[in-house]
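Protein chains in written order, with the working numbering: chain A, 22 to 325; chain L, 38 to 455; chain D, 13 to 337.
None of these hints come from the bench; they were simulated from the model.
Be aware that a few hints might be false.
[As the list claims (entries may be wrong)] Some chain D residues judged to face chain L by a derived CB distance under 10 Å, without partners named:
# : residue
1 : Ala136
2 : Gly141
3 : Pro145
4 : Phe154
5 : Leu289
[Claimed, not checked] Here are the simulated EDC-like cross-link-like pairs (lysine to aspartate or glutamate), alpha carbons at most 16 Å apart as the crow flies:
#  : chain 1 : residue 1 : chain 2 : residue 2
6  : L       : Lys333    : L       : Glu83
7  : L       : Lys66     : L       : Glu128
8  : L       : Lys201    : L       : Asp416
9  : L       : Lys175    : D       : Glu143
10 : L       : Lys327    : L       : Asp296
11 : L       : Lys169    : D       : Asp71
12 : L       : Lys175    : D       : Asp152
13 : L       : Lys333    : D       : Glu192
14 : L       : Lys405    : L       : Asp416
15 : L       : Lys429    : L       : Asp296
16 : L       : Lys405    : L       : Glu439
17 : L       : Lys66     : L       : Glu104
18 : L       : Lys169    : D       : Glu286
19 : L       : Lys204    : L       : Glu233
20 : D       : Lys202    : D       : Glu192
From the three backbone atoms N, C-alpha and C, an ideal C-beta is built for every residue, glycine too.
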Amino acid sequence: MIQHLVDGILVGSFLSLGAIGLTMVMHILRFANFSHAELLSIGAYCALVFDKLFESLSPFLAAKIGPLSMTAALALSILVSMALTGLSAVVIDRLVFRRVREKGGELSMVFASFGMSLVIRNVIGLIFGLSSELYSRDIAFAMVISRDPLLLVKPDQVFVLIAALLIMFALYLVLSRTRFGFALRAIAENPNLAQVHGVNLKRMIVAVWLIGGSLGAIAGVFYGLSYQITPVMGRDLVLPIFAATIVGGIGSVYGAVLGGFIVGVASNLALVILPSGYSPSVPFLMILLVLLIRPNGLFGEARA
Amino acid sequence: MKKLLTLAAFAAGMSGLSVSAHAQDCTTKVGAVLPTSVDWGRPIAEVAQFAVDQVNEAGGAAGCKIEMVLRDTQVDPKVGVDAAKALVDLEGVNVLLGAVSSGVSMPILTSVTAPGGVMQMSCCSSSTAFTKLSEEGKTNGLWFRTFATTAVQSAMGAKVASDKGYKSVAILYKNDDWGQDMARLIAADFAAAGIEVTGSVAINDAQPSYRAEVTEALGGSPDAIYLALYPNEGTSAVREWISLGGTQNMILANSLKSDEFRDNVGLQYLENALGTDTASPRVASADAFKAAYVEKFGSEPNGPGLANSFDAAMIALLAMEAAGANASGADIAAAVAKVTDPDGAPITADVAGVTAAKETLAGGGTVKYQGATGDVRFDANGDVSAPAVIWKFTDSGTDEVEYLSLGEVDAFIASLKK
Amino acid sequence: MIGVVSYLVFFTTVAAILGIAVMGLNLQWGNTGLFNGGVVASFGAGAYATLMLGGPPQDGHVGGFGLVYPLALAGGMLAAGILAWIVGKLTLRLRHDYLAIATFGVAVAFENVMRNATTITGGAQGIRGFERPLRAMLGDGFTYNVVFLVGVLVTLVLVYVFLERLTVSPFGRMLRAIREDETAARSLGKAPDRIRLISFVTGSVIIGLAGGLYGTFYAFVSPQDVLPILTFQIWAMLIVGGAGNTKGALAGAFIIWGAWTFSGWALSRFAPIEAQLYTGSIQFVLIGLVIVGMLLWRPQGLFPERLVVSQPGQNREKTQAEGFT
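If we strip away everything but chain A, and leave its shape as in the complex, we get:
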């Protein structure tokens, strides 16, 4: 029981990172972006390429940091991958979403994003093959925190959790303390009014994609570090991330963080109550429950 709870929180950490980006995009651009989780795949595969590159450049970089599976090479690759993934998000917006946005309705955007997710996922599969990849083939053993009740935690997971929390805190500071953060919120609440006051909408959209993309890249790498990297990881992650976003309430960064943890914990605790065959539906039943009580999510605001 307690093990399931802890596991859920650990799983929740990368769901939260993915959900933050998604909630910002959904709030500012007002569409459910089904290709968001593909940014995680792009991030994970980018990091994989650069990880291999850096490791071959210098054996020093290939050494593991402490008890973690993380290497200096991978840490560097994350930075490169964040930049590249953010950039690809901007490029995809330029090429596709901006054009659809100008003339089509919200649902046209949703299905353009669905089409994009098919394209991205399968292009990755064509380039890297369909088999799974790993950053490190070594298996990091879990530490025994307690024997009774049995509680096991992997060092990588603790690292991922702490890193995710730090990143979220940094983002919180940016959004609540800087001019940029205010401008972003203004745009989300009333685009026209914000533009009258000199906020550059186009630049803000680019910023949102950059943030969403780079957070997605981190989430993707963290996911790869904990599990494995496959071309279909976006497909596997898109629904939990959506669930996290919706539970938290669209547009609420804090909601997304909490939503990620709720979905993570719910899908882990599910097995305590139901046979494991039913576990995929549990996050959604959870959402249903939350929405019946709070129709706009935990932190979402009603919007016409």
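Assemble the complex: chain A is given as a structure, and chains L and D must be docked to it using the hints.
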């Protein structure tokens, strides 16, 4: 430009030459509907094409060169059925290889191949529903599969557990028709062998994390774990299992006989892992498939369904040869017995074998195909039974630990039933 | 040549069945603005219930009541309707993206139940052994497929006429009024909640009908038929075709299903043999590009909604330029 044209003409001439070297000018198409957009599906298609290449090298079948027209099923029944229908109607195939998932093979059988009189040969569909459908007389004798029934697989799993002296076992199974079947059968077999099942946990497709499932299975502190999974989720679940301190005593279904799985989990953790599979017969020529495969792909044929897919394609093509030119799907299906005749002349699963088979068949004889999965022999419902092998991972692939002939397999299954 | 005709009959049957489902969805989204993310639940309820009611008895799971076909199909529609009524009661007051995910969740739960409740639904193996209606008379071959196609087309036309009548009726106007401005509609004394529920259930019954026909055509249904990809396919058909326009919904069904299957055929025909193994992935890329391309080309859909302005004496129609909101 001119140069290019000459070059193209030259190339065309060359390819024409290579065809005529085998003395045929005609091409017969066979259809294949396999999930090539899925990680484990692509190699299955690759190995089917490999079988076709070998037959072509031996001069094709029924006097013609064979062309395999491959379509992706996307593991979506609608898409698979449409692809099958297009192959039958637009390409005029009489033989269809596939599909992999029972959920795709079944609607193809009921709405395309059985009504259309096309022979369907699946490598990997394991559902017991096919046997029942055939017993009801709804397959018209057109349905075959080279996937040995799950009963042998599960009995061997129970044998491994009792030989190793495991007292308790947890089961992780893929939550599809094959996995549900396996889980049900193996639980019964374990019980019959006096082994406690501490937990049977379904692993659903496409979940981001299997940690909760693994934790659940870990709860019973079993002596060993039985894994009826595919490489992708198998890797994820087993890495999690090991890192959480789960036992390294593992029993693996044949789907995990995969290099990808071995490499991604790590051989050092798989020393106590024993797998089960159907086996090639104990004859020297049985290594032919393996040798040819290694030469072509540079590794051993390890992966779910590879050997089955090879045999499916081979038997289908040999049956086409046996049925002769202009044969209908039903003729070809009827000719399957001629190439899997237990009293026939034994032939190997390579170019030499195909050549020998053609000679024997031309002389009016029958052959016994000794394939990658063994002496394949279909019963009236298109099901196969085969000898079994227990294997373990090595640096380069897998090694045989124990071989059980068909008789020994049956005897063991009977001992469980007591 | 006969092969081409035979294939086209088959293709048209599936496309028409999907087209019926798209029309049902169009009533829900195009006319009422209900973002149903769980299309596949209604579709599956229709398919499963039809086969369970109309099929022969089976070992190991319930069902197999062997009802006459029209009754079984009606049962399928009823099952879809009952499911929709329960879901609608619970969720229809949600804002649309929340509604979408809630209904999506219902569909995932539906698939889960079908997959795991072995004793009721046959589990992952699905339900087989269904005897297609009139098979004894018509056999299994081409004739059967042609007759079945005619049956499907007749059903499609009936649904089309029903929906066209409905959208120009006072009830149809009320649906659009609620979609555009709920408060205004309420002020005129309408009961939006009840009307939305009626629209949702009606749409779901139509989708369930499509599911029933689908299960009949394949004489088989399994959890693999009720995966979320079907919801996406049906939605993509509606959006590419043009929401709010029944013709668009139908055109979308044929275009998207055509792209989905034709891309595979073209690749198997024209891609070089070395690339054949990769055609599965390439096909998905093509499908994605077709959807994206269609939406870049006509973001409001192929046949945008036509605003029906019904005033006495002047029946003007104009195209809504900026699409629906």
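So, going through the hints one by one against the coordinates:
Hint status for Ala136(D): holds, given a least beta-carbon distance of 4 Å to chain L, under 10 Å. Interface hint status for Gly141(D): upheld, as the beta-carbon distance to the closest one in chain L is roughly 7 Å, under 10 Å. The beta carbon of Pro145(D) comes no nearer than 14 Å to any beta carbon in chain L, farther than 10 Å, and the hint placing it at the interface is violated. For Phe154(D), the shortest C-beta to C-beta distance to chain L is roughly 9 Å, which falls under 10 Å, so the interface hint holds.
Residue-level restraint check for Leu289(D) holds (minimum Cβ-Cβ distance to chain L is 6 Å; threshold 10 Å). Under the criterion of a C-alpha separation no larger than 16 Å, the hint pairing Lys333(L) with Glu83(L) is consistent with the structure, at around 11 Å. For the given pair, Lys66(L) sits about 7 Å from Glu128(L) by alpha-carbon distance, which is consistent with the 16 Å threshold. This hinted pair does not check out: Lys201(L) and Asp416(L) have alpha carbons roughly 33 Å apart, beyond 16 Å.
Between Lys175(L) and Glu143(D), the direct Cα distance comes to roughly 10 Å. Compliance with the 16 Å bound is thereby established for this hinted pair. For the hint linking Lys327(L) to Asp296(L), the alpha-carbon distance of about 15 Å falls within 16 Å, and the restraint holds. Between Lys169(L) and Asp71(D) the alpha-carbon distance is near 10 Å, which keeps this suggested pair within the 16 Å criterion. Proposed proximity of Lys175(L) and Asp152(D) is supported: the alpha carbons are some 11 Å apart, at most 16 Å.
For the proposed pair Lys333(L) and Glu192(D), the alpha carbon gap of about 64 Å is over 16 Å, so the pair is violated. Annotation: proposed proximity of Lys405(L) to Asp416(L) holds, straight-line Cα distance about 15 Å (limit 16 Å). The hinted pair formed by Lys429(L) and Asp296(L) meets the criterion: a straight-line CA distance of about 12 Å does not exceed 16 Å. For the hint linking Lys405(L) to Glu439(L), the alpha-carbon distance of about 24 Å lies beyond 16 Å, and the restraint is violated.
Taking the CA atoms of Lys66(L) and Glu104(L), the gap is about 5 Å. The hint holds against a cut of 16 Å. Distance hint between Lys169(L) and Glu286(D) is unfulfilled; the C-alpha atoms sit about 39 Å from each other, more than 16 Å. For the proposed pair Lys204(L) and Glu233(L), the alpha carbon gap of about 6 Å is at most 16 Å, so the pair holds. Between the alpha carbons of Lys202(D) and Glu192(D) the distance comes to roughly 14 Å, so the proposed pair stays at or under 16 Å and holds.
Hint compliance for this structure: hints 3, 8, 13, 16 and 18 are broken, all remaining hints hold.
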